[in-house]
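> For the protein sequence lines, the chains are H and B, in the order given.
For the first sequence, the positions run 7 to 588 when my numbering is used.
For the second sequence, the positions run 10 to 128 when my numbering is used.
To be clear, the hints were calculated from the coordinates, so they are not data collected in a lab.
None of the hints are false.
A few chain B positions that, by computed beta-carbon distances, are all more than 10 Å from chain H:
no.: 1; residue: VAL41
no.: 2; residue: GLY44
no.: 3; residue: VAL46
no.: 4; residue: MET55
no.: 5; residue: LEU56
no.: 6; residue: LYS114
no.: 7; residue: MET116
no.: 8; residue: THR117
If you want the footprint, here are the derived chain H segments under chain B, 3+ residues with CB under 8 Å:
no.: 9; region: 76 to 85
no.: 10; region: 149 to 163
Ideal placement from N, C-alpha and C gives every residue a C-beta, glycine not left out.
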Amino acid sequence: MEYAYNRTRIIIGLIVVFGLIFVVRLFQLQILQHDYYQKQAILEHTTKFTIPASRGLIYAHDGTDKFAPLVLNEPVYTVYADPTYVKDEGKVADVMRRIAGGNVTKGFEDRLKDDKLRYTVIARQISKTQADLIKKEDLDGVGLQQETKRVYPEDALASQTLGFVNGEGEGQYGIEQALNGELAGKDGLLNAVTDVHGIPISVGAESVNTPPQNGKNLVLTIDRNIQAKTEQILKSGLDKAKATKGSLMVMDPNNGRILAMANWPTYNPNDFKSVEDYTVFSNKAVSDPYEPGSVIKALTMGVGLNEGKIQPNTTYNNTTTLKIDDATIRNVLTSPTGSVTMTQVLAYSFNTGVVQVLRWLGGGEEINQKGKEVLYKYFTDNFMFGQKTGIKLAGEVGGEIISPDDPQGGNVRYANMSFGQGMSASMVQVLSAFAASVNGGTYYEPKIVDGYLGADLKTFTEEPSKIRRTGVLSADASAKLRQMLHDARLGSSVAHGEKGGYYTGGKTGTAQVYDPKTGNYSETETIGSYLGFGGQDKPQYVIMVRVDDARNGGFSGSAAAAPIFTELSNWMLDYLQIQPKG
Amino acid sequence: MYTANNQIVFARQEARQALRRNQNTVRFKAPVGLGPVTHTVLIALMLAVLGLVYLTQITKTSTFGYQLNDLTTKQEQLASENSDLQVETARLQALERVQQSNVAKAMTTPASTEYANQN
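Pulled out of the complex, with its shape left as it was, chain H reads as follows (with noise of 0.2 Å):
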């Protein structure tokens, strides 16, 4: 009996002993190590998800009261394999290369029989049609993945302005890459707990739903229709003047919105990565500064108007040659010669004119840095060269002007910049100085987004057009330009083939080119160019044309870039519906 009760008290010990280390253990796991073990559990049946923004589209005007498309998303799918669920690998193949053509990629075949992958891409950026046979197919350890891609339905279309997104989702140039952070949004979170399919069942306090931001639809301030015409013009107006080269902008005035840009050579942004030439990705009418040379003349007409040193009439002996310093300074035309108005200097771009103008700024009959001073204040301060006039868009450069107080700023220097030799601008630039010296003395920001589409793609809010400074030139020194502007365009060979009745206005440049291999101006190379408003009563457009390696004959800026505005203006007439006067 005595042994009996001992081993009952044993077993009950022992009991009582392994009952004590559960609980201990149990407190250990459930209490002590509870937020390790819930963080492991939540862990286990929860997933993150990302729920990609969609990037934002981009239309543009098409007329006065439609838009159209430029960008837009088009759902992709990629194709991939788990080699080791596939079960025909002849079958994939075969499918793939029915249904996916050219879009699978090389060598997916060898890869579809290697078990040691558990992940291989055989067909990138098929359509929904393609996707859709695919799936019907039901093909064992074939998935497909949805993507977006950047489509441009107008292909090459202001392809420079818009810019493309490279393989990472970044815009790249133009639009895309200077409102990268606004088209593209952010993403959204879905952090929920899933079935054993990976399927979020929305069960549990842990579950996040953070819905994706989409990035901002933007409306251009480009006319997709005026922006094709331009492109058109400017491809035709090369291939005349035998060039490969050139650059093609049109302004609204009064109000700063870029109606046009246009370069060649362009490219297709669908097709970028067939491009091998990527200096074609950069739009140079805002990030390749050159001299502008002669069409200069028309704002240093303006500061001298401003500034009270000359009329319209106002006259100087014309000598066809000037000495500045140790340089002479040579007119292009050598006639007519003798007393000359200013109009006149315009209409035969006479350098030693424009010249004359910066004496005067000084006071007297020689440069001075008084004259010098005012001339750069006007360029820098009114004209804003020197420094980016904030287009949104990718790459902008402020180009130079050199102080007269700088070593390198002496006579021949600003002689030079009063014809727009020895500086340098983008076209942007000089259209919108020009744009403000023609329309009041108005220096309007260069707008090139017009305003923002609600998700509807109906709901157009406007972003208002910013003025960056105010009497740039006062109203009647800027009509006495517009006029010299005119006269001087219908005195002169380059309004040939001009619509009569309406009011436009221009000055011609042909820049020397610098040559660093010789450190002098080029003798062969030049730029031409022209820079013009037209209207009925006022300017209503104005537009730049640049042309880099004319070989037509004659002063590029003439021959080569006049016949280009002269076209571009007729249609502008035309589309703009602006009646002729009287």
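Place chain B on chain H using the hints.
Below, chain B without anything else, positioned relative to chain H:
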């Protein structure tokens, strides 16, 4: 002291006794009471019912989760089809394509433009 209040109390007691006059005077007592086992079983049953209710609710939530997932997938598919159609429409309406159309090719440039005077 005999007050009007005491008179009311007595009247109430008499009324109560009058009501009880015909009631059984023998108190009934059940022969068997609920023991501890029954209590435990009942509690277990109640817990089981509560558990079932909880499970039903959880299952319902999961079902809604699947329905939500299905609807989200459908929404994504429709959005994707919409984008596809948008792109197709834009391609068909692209200027280059319109210019190459037979209708556009048949158009001619007007010889001159006349403006009607609104005055």
